[in-house]
Amino acid sequence: MTRLPEFEFSPAQMQMPPCPHFEECGSCQLQHVKADVYQDWKVQRLKELLAENNLVAEEWIDPVFVPVGSRRRVTLNVLRDDGNVIMGYNKYHSHELAPIDQCLLLTPQLSRIVSVLPDALTKIAHKGQAIEVMLQEADDGIFDCVITGLDETGSRQTGEIASFAEKCSLARVSFRKDTFAESITQIAVQTPRKTSGILCVALPAGAFLQPSAAGETALVNAVMNGLKRQKTGKKDKIVDLFSGCGTFAGSMLEKYTVHAVEGDWPMASSLIEAAKGHSRFSAEVRDLIKEPLVTRELRDFKAVVFDPPRAGAKEQSQMLAKSDVPLLVGVSCNPSTFARDAKILVSGGYKLRTIQMIDQFIWSSHMELVGVFEK
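Under the numbering used here, the residue at position 122 of the sequence shown is numbered 132, and the numbers go up by one with no gaps.
Keep in mind that the hints were calculated from the coordinates and are not lab data.
Glycine included, each C-beta is placed from N, C-alpha and C at the ideal position.
Incorrect hints may appear among the rest.
[Said to hold, decoys possible] Distance condition first, Cα-Cα at most 30 Å in a straight line; then the derived DSS-like pairs of lysine-lysine:
id: 1; residue 1: 238; residue 2: 44
id: 2; residue 1: 324; residue 2: 238
id: 3; residue 1: 247; residue 2: 187
id: 4; residue 1: 187; residue 2: 177
id: 5; residue 1: 385; residue 2: 361
id: 6; residue 1: 57; residue 2: 353
id: 7; residue 1: 332; residue 2: 247
id: 8; residue 1: 265; residue 2: 177
id: 9; residue 1: 361; residue 2: 286
[What the hints assert, rightly or not] Label pairs and their calculated CB-CB ranges:
id: 10; residue 1: 198; residue 2: 106; range: 30 to 38 Å
id: 11; residue 1: 69; residue 2: 129; range: 28 to 36 Å
id: 12; residue 1: 283; residue 2: 137; range: 13 to 21 Å
id: 13; residue 1: 374; residue 2: 106; range: 14 to 22 Å
id: 14; residue 1: 198; residue 2: 101; range: 43 to 51 Å
id: 15; residue 1: 102; residue 2: 241; range: 21 to 29 Å
id: 16; residue 1: 361; residue 2: 62; range: 17 to 25 Å
id: 17; residue 1: 93; residue 2: 121; range: 34 to 42 Å
id: 18; residue 1: 192; residue 2: 139; range: 34 to 42 Å
id: 19; residue 1: 199; residue 2: 287; range: 21 to 29 Å
id: 20; residue 1: 85; residue 2: 129; range: 13 to 21 Å
id: 21; residue 1: 78; residue 2: 187; range: 33 to 41 Å
id: 22; residue 1: 187; residue 2: 361; range: 22 to 30 Å
id: 23; residue 1: 304; residue 2: 69; range: 46 to 54 Å
With the hints as constraints, model all of the structure from the sequences given.
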């Protein structure tokens, strides 16, 4: 699989990094590159990667670059050592912690919570214990928190968690023992919700949202513009695969009949519950890696939208390539797996009509893109 190349820039293309933690922190790799050079570099890397895979889009839509200070979700590594709480990101290509006291990527509201986090965690994190803290903003400025590495309960712990939530202005705090364990809510003042189009979903703990509201808007606009290539109405059925909490389904529902498929049980359950209020919306839980929709199931749909995780949608793409669905809109946060899946679709007779890059992974080599295919 072709990967985006490592980066090399001339002195004239570089600038002083705006963040004091840049040399140690591994979260940003490209703060030292001038803005215009950085933007051109990202677009060219994507074009080169697709060309190496013999993928030629008929049209390149202007890219979208999300501004700094717009990230609404963050996961921080935390270690309590000798009574102090050390917080930060891992160093580049390392598991070693790089301490930080600020992050320019975050929204002002999230930055405020991060600034009080070390002090607030002193009663929860044990000496020598390494944990991860995920913070995410939902509707109305409500914040959700999931702490990985903790699973304790009890009246004393509940009081300490309540104090922690109050100090950080958190609506809900959940623990999970490890990355693969279920998140158990410890305290919930409010249930975080996410409104997408006309769909309002109660978010399960740690549910996936796009990293920024601006990035989400750009992705939704790209998907909806792609769907306009086919003449469809409210009675026409569209399936939203890897639908998460309905980021695209909610906007699609304003114009079409939508069926959402999600493999994560808590998120799918929230979608199924939200579907009860909409006659043109349905949802199901299904592992699309192990059990992709087959051609027989795809016959009724005028279009397919798919937004898989970084590993891509190889198995589902193989089924789509055999189908007669006239329009596909693919969203990806990994250009390499997108290229692999796109080659499968093209070999099945689809034409790659448009590509649009959306950069909400600011100052990093990562990027999102939306590709539109027709048969």
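(request) Please name the hints from earlier in the document that this structure breaks, with their numbers sorted from lowest to highest. (result) When the structure is compared with the hints, numbers 1, 3, 8, 9, 11, 12, 14, 15, 17, 18, 22 and 23 turn out to be violated.
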